[in-house]
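**Student:** Chain by chain, the residues run as shown.
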Amino acid sequence: DAGVIQSPRHEVTEMGQEVTLRCKPISGHNSLFWYRQTMMRGLELLIYFNNNVPIDDSGMPEDRFSAKMPNASFSTLKIQPSEPRDSAVYFCASSDEIYSPLHFGNGTRLTVT
Amino acid sequence: DAKTTQPPSMDCAEGRAANLPCNHSTISGNEYVYWYRQIHSQGPQYIIHGLKNNETNEMASLIITEDRKSSTLILPHATLRDTAVYYCIVRSGDSYSGAGSYQLTFGKGTKLSVIP
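Protein chains in written order, with the working numbering: chain F, 144 to 256; chain B, 27 to 142.
Keep in mind the hints are simulated off the structure, nothing from the lab. Watch out, some of these pointers could steer you wrong.
[Stated by the list, open to error] Residues from chain B shown here face chain F by an in silico Cβ test under 7 Å; the list is partial:
id: 1; residue: Gly41
id: 2; residue: Gly69
id: 3; residue: Gln129
[What the hints assert, rightly or not] For lysine-lysine, the following DSSO-like pairs were computed, each having C-alpha atoms within a straight-line distance of at most 30 Å:
id: 4; chain 1: B; residue 1: Lys29; chain 2: B; residue 2: Lys95
id: 5; chain 1: B; residue 1: Lys78; chain 2: B; residue 2: Lys95
id: 6; chain 1: F; residue 1: Lys167; chain 2: B; residue 2: Lys134
id: 7; chain 1: B; residue 1: Lys78; chain 2: B; residue 2: Lys29
id: 8; chain 1: B; residue 1: Lys134; chain 2: B; residue 2: Lys95
id: 9; chain 1: F; residue 1: Lys221; chain 2: B; residue 2: Lys78
Since the model is a prediction, treat every value here as computed from it, not as a measurement. Glycine is no exception: its CB is placed at the ideal position from the N, C-alpha and C atoms.
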């Protein structure tokens with residue numbers, strides 16, 4: 144089992160640019176979560192999908208952030224336009240059902256200059 | 027708000043058992059105790075979870091007190107690769123706890139350092 148796969152591992156971009164982070168959940172998992180981790184705020188849930196449908200996006204910080212899940216094997220988190228305060232590590236996690244243990248990817252470290 | 031209290035840091039000698047405590051005095055009847063760890067530069071890794079009975083898997087053992095107000099994660103033979111931040115999390119097991127009850131809320135965890 145390859146686990147949750149995220150790409151890229153590192154992303155450096157300039158303020159104002161569009162950033163797209165990608166996630167491939169574990170095959171057969173129907174719940175997908177995006178988290179963000181910073182030193183100041185720790186791990187925060189941004190959005191949760193169940194069966195490809197966004198269920199809870201209350202953690203998305205503002206309209207510059209959007210997430211999609213076009214099929215069961217792929218999700219994206221987009222930031223447009225990016226700002227320096229978006230610099231963080233973004234994790235994707237999946238589970239086979241909502242109340243099962245989450246399995247995390249190794250994250251994308253985003254740096255916005 | 028995290029519903030758990032953990033010591034900020036602990037040391038353990040390599041080869042010895044690491045016992046990581048967690049207090050969760052306000053835990054509800056349908057809430058599970060989860061343990062995750064995060065090794066530097068990696069994503070959080072699921073270790074184990076339990077409701078009220080003690081649990082054991084290939085990674086660790088989870089001991090939950092009878093009143094469920096505290097628990098201990100035991101790594102039986104700690105290695106240098108077990109150096110990580112360990113998170114104890116209380117999480118609902120069903121939707122009856124309300125919207126968002128599925129969430130994993132990470133606190134600050136315990137930084138475990140395994141020393142040669």
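**Student:** Of all the hints given earlier, name the ones this structure violates by number, lowest first.
**Tutor:** Of the numbered hints, 1 and 9 do not hold.
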